[in-house]
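Novice: Sequence:
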Amino acid sequence: LTDYGAFVDLGGIDGLLHITDISWKRINHPQEILKVGDEIEVSVLKYDEEKNRVSLGMKQLTDDPWEKVEGNIELNEVYESKVVNIADYGVFVDLGDNIEGLVRTSELDWTNKNISPKKVLSLGDNINVKVVEIDEEKRRLSLSYKQCLPNPWLEFSSNHQKGDIIKSEIKSITDFGIFVGLEGDIDGLIHLSDISEDEDPKKALEEFKKDQSLQCIVFAIDAERERISLKLSE
Numbered sequence: 456l457t458d459y460g461a462f463v464d465l466g467g468i469d470g471l472l473h474i475t476d477i478s479w480k481r482i483n484h485p486q487e488i489l490k491v492g493d494e495i496e497v498s499v500l501k502y503d504e505e506k507n508r509v510s511l512g513m514k515q516l517t518d519d520p521w522e523k524v525e526g527n528i529e530l531n532e533v534y535e536s537k538v539v540n541i542a543d544y545g546v547f548v549d550l551g552d553n554i555e556g557l558v559r560t561s562e563l564d565w566t567n568k569n570i571s572p573k574k575v576l577s578l579g580d581n582i583n584v585k586v587v588e589i590d591e592e593k594r595r596l597s598l599s600y601k602q603c604l605p606n607p608w609l610e611f612s613s614n615h616q617k618g619d620i621i622k623s624e625i626k627s628i629t630d631f632g633i634f635v636g637l638e639g640d641i642d643g644l645i646h647l648s649d650i651s652e653d654e655d656p657k658k659a660l661e662e663f664k665k666d667q668s669l670q671c672i673v674f675a676i677d678a679e680r681e682r683i684s685l686k687l688s689e
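Going by the numbering used here, the residue at position 127 of the sequence shown is 582; the numbering climbs one at a time, nothing skipped.
One or more hints might be untrue.
[To be verified] Below, in silico cross-link-like pairs of lysine to any residue (SDA-like), each with a Cα-Cα straight-line distance of 25 Å or less:
#1 K514 to K574
#2 K585 to Q616
#3 K574 to E591
#4 K480 to T566
[As the list claims (entries may be wrong)] Derived Cβ-Cβ restraints for the label pairs, each shown as a range:
#5 E522 to K664: 53 to 61 Å
#6 D677 to T629: 40 to 48 Å
#7 N569 to D469: 21 to 29 Å
#8 L516 to N567: 40 to 48 Å
Calculated from the structure, these hints are not laboratory results.
Every residue gets a Cβ at the ideal spot worked out from N, C-alpha and C, and that includes glycine.
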């Protein structure tokens, strides 16, 4: 066994069973399915007589799960699934019948687009996912986990309207304004131009500190673009 596959004794000649041809589902290492000494049935995919190389396949002897996607998996529908693999860039889930899809990191959490997948989900977790893309050419299902959870931006827009006064703490201060923490772990922005009427409003920023409590007025809510504009309450 190697990181990239398994060498199989065909009786006097070795063939390579590449990791991508072991199983239809994604695996990190051949040892997840095979061990040295196993007797397996394989299909000869290619024989290069000149280089004396034999390429083998094991998954080709079973039904291709992608053929079950059409008619069973629909765009924008929600399905129950099980987490089967976790990578740095997202989470692979099984939708049943060995049909796998990927929940990218950006679709795991509403407020943290670059969160580590391992901080959100664990192997074996049963979760609901929404199908956001079906790529027939690349044979890929793109899924969303966060879209099956309450959207904090929509919840804020349902509970608040322009002119509401809220009290919260400063989360960060930037060159263009102040970000204030809001319910649902989201932020609202007090733009630099609304902080001071002085000629140099950047100097006014020096009066504020992180974690300082502020009273603000809701100026605009754009849930679709995930933006909430605030102004300081006089």
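Novice: It remains to establish, for every hint, whether it holds in the given structure.
Specialist: Here is how each hint holds up against the structure:
| no. | hint | result |
| --- | --- | --- |
| 1 | K514 to K574 | violated, 32 Å |
| 2 | K585 to Q616 | violated, 29 Å |
| 3 | K574 to E591 | violated, 31 Å |
| 4 | K480 to T566 | violated, 30 Å |
| 5 | E522 to K664: 53 to 61 Å | holds, 60 Å |
| 6 | D677 to T629: 40 to 48 Å | violated, 19 Å |
| 7 | N569 to D469: 21 to 29 Å | violated, 43 Å |
| 8 | L516 to N567: 40 to 48 Å | holds, 42 Å |
Checked against the numbered hints given earlier, the structure breaks hints 1, 2, 3, 4, 6, 7 and satisfies all the rest.
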